[in-house]
Amino acid sequence: MKAIANGAAFAAGLVLAVLALPAGAHAFLHHADPRVGSTVAHSPAQVTLQFTEKLEPAFSTLKVLDAAGKEVDAHDLKVEGVSMRVTIPSPLDPGKYRVQWRALSVDTHVTDGEFTFEVGR
Amino acid sequence: MRKLVQLLLATLACAGITQGALGHGFAGQRFFPATLATDDPFVSDELSLPTYSRRRLGAGGDEPAATQSAASVDFTKRITSNFGLGFGATYLELSNGEATARGWDNLGLSAKYQFHKDDKGESIASVGVDWDIGASGAKSIGAESFSTITPAIFFGKGFGNVGDDAKWLRPLALTGSVGVGIPSRKGTTTTDEDGNESVEQHPDVLNVGFALEYSLPYLQSFVKDVGLAEPFNRVIPLVEFALEKPLDRGGGSWTGTVNPGFVWAGKYIQLGLEAVIPVGSRTGGGTGVLFQLHFFLDDIAPRGVGRPLL
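Here the protein sequences line up with chains A and B, keeping their order. Its first residue numbered 7, the first sequence is counted upward by one per residue in this note's numbering. Its first residue numbered 186, the second sequence is counted upward by one per residue in this note's numbering.
These are computed hints drawn from the structure, not numbers from a lab. Check each hint, because a few of them may be wrong.
One side of the interface only, derived from the structure: several residues of chain A facing chain B at Cβ under 7 Å [to be verified]: (1) Arg41; (2) Gly43; (3) Ala47; (4) Asp113; (5) Gly119; (6) Phe121.
So these bits of chain A aren't anywhere near chain B, every CB distance computed over 10 Å [claimed, not checked]: (7) Thr93; (8) Ser96; (9) Arg127.
Every value quoted in this text rests on a predicted model; they were computed, and no experiment measured them. For glycine and all other residues, C-beta sits at the position ideal for the given N, C-alpha and C.
Required output: the full structure, derived from the provided sequences and hints.
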């Protein structure tokens with residue numbers, strides 16, 4: 007049991023050391039506006055994503071596509087800290103829209119994904 | 186300065202040096218967590234320390250029923266982005282109430298090559314071999330005097346592509362492995378005090394393991410934000426099956442355990458907790474517990490030990 011206790015103590019020390027690390031890891035989507043899979047009553051003026059890590063603007067992307075696959079955002083991606091956003095230049099028609107993103111965190115890990123939201127009739 | 190940073194990142198990206206979906210267990214937007222009882226289908230830079238289990242074992246042959254506690258360390262390191270090596274060691278304690286035996290089990294070495302990854306299909310597959318090094322552990326806890334080589338195939342598949350009608354199934358994923366443990370010796374002959382010989386057969390053993398996972402992070406980020414907050418938005422409930430069947434030299438039926446539980450995947454570490462439930466009467470014993478603390482080295486040291494050597 008002594009060896010097991012020593013191992014547990016060593017693991018606890020590792021956890022403390024890890025917790026002291028500076029931020030920097032894979033960027034996971036934390037929150038989106040409009041929310042993932044939601045239905046909104048009116049066309050949003052912008053689509054905003056917040057991630058778990060600080061982003062590097064150079065290789066992060068965000069697109070909003072309609073049901074036909076046409077990009078409906080203003081191609082004006084703005085990346086600040088842990089968030090990225092694009093504006094919607096003209097009100098969206100009712101229907102389903104797809105948000106595609108790619109996030110490069112500042113320590114060079116890349117994650118990507120997509121989700122949908124719906125504009126109600 | 187900013188231009189310089191961007192130029193450097195561009196160079197890294199062009200050279201394929203950015204981590205991308207490499208490391209960790211990613212296929213597209215699917216993150217496969219490290220499972221506790223079955224081997225992972227991907228190659229990564231990861232450390233499990235400790236994996237702790239405790240379970241009452243049933244009596245079998247000359248062995249009396251005993252309580253087994255085990256603490257393991259497992260370390261895997263990418264040599265290239267698709268090829269990695271691993272090392273594992275387990276400290277065992279066996280107690281039957283009257284006597285206690287302690288010691289290291291045989292050391293394990295492994296190699297794995299990830300030959301398939303489909304980001305759109307959320308699938309991943311690898312082949313590998315594990316070498317349980319005979320006589321490297323303590324006889325007192327029953328470490329085998331012979332080696333066992335286990336070639337195996339590993340797979341992972343996410344269900345993210347199912348249609349809108351079944352969108353609640355998209356967070357599901359299945360990972361697993363199939364391998365055959367081949368002992369270096371077919372049997373061990375022992376002679377008792379009266380000069381009688383007995384032979385213990387060492388059959389080839391089919392090892393099958395799989396894990397069915399439901400990822401709440403996947404649900405939140407890609408299907409439907411149901412409003413889960415920390416720490417629940419990082420929880421992945423799962424059930425693992427670790428089964429084996431002797432194939433020859435007397436054969437035998439399936440034995441193993443089914444392990445329901447969950448993992449919590451944080452930024453740098455992952456915690457896992459499972460119940461260990463014996464399957465069938467031949468497995469025997471009682472329900473136990475399995476716990477693991479797992480470190481994502483590719484996130485902890487992305488420019489050091491957490492990246493491929495080559």
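Hints and how they fare:
1. Arg41: holds, 4 Å
2. Gly43: Constraint on Gly43/A satisfied, holds at 3 Å.
3. Ala47: violated, 17 Å
4. Asp113: Since chain B brings a Cβ to about 5 Å from Asp113/A, closer than 7 Å, the hint holds.
5. Gly119: For Gly119/A, the interface hint holds, since the closest Cβ of chain B sits about 4 Å away, which is under 7 Å.
6. Phe121: Holds, because the Cβ-Cβ distance from Phe121/A to chain B comes to roughly 5 Å (cut-off 7 Å).
7. Thr93: The claim stands: Thr93/A keeps its Cβ more than 10 Å from every Cβ of chain B (closest is about 21 Å).
8. Ser96: At roughly 26 Å from the nearest Cβ of chain B, Ser96/A sits farther out than 10 Å, so the non-interface label holds.
9. Arg127: Its Cβ never comes within 10 Å of chain B, the nearest being 18 Å, so this holds.
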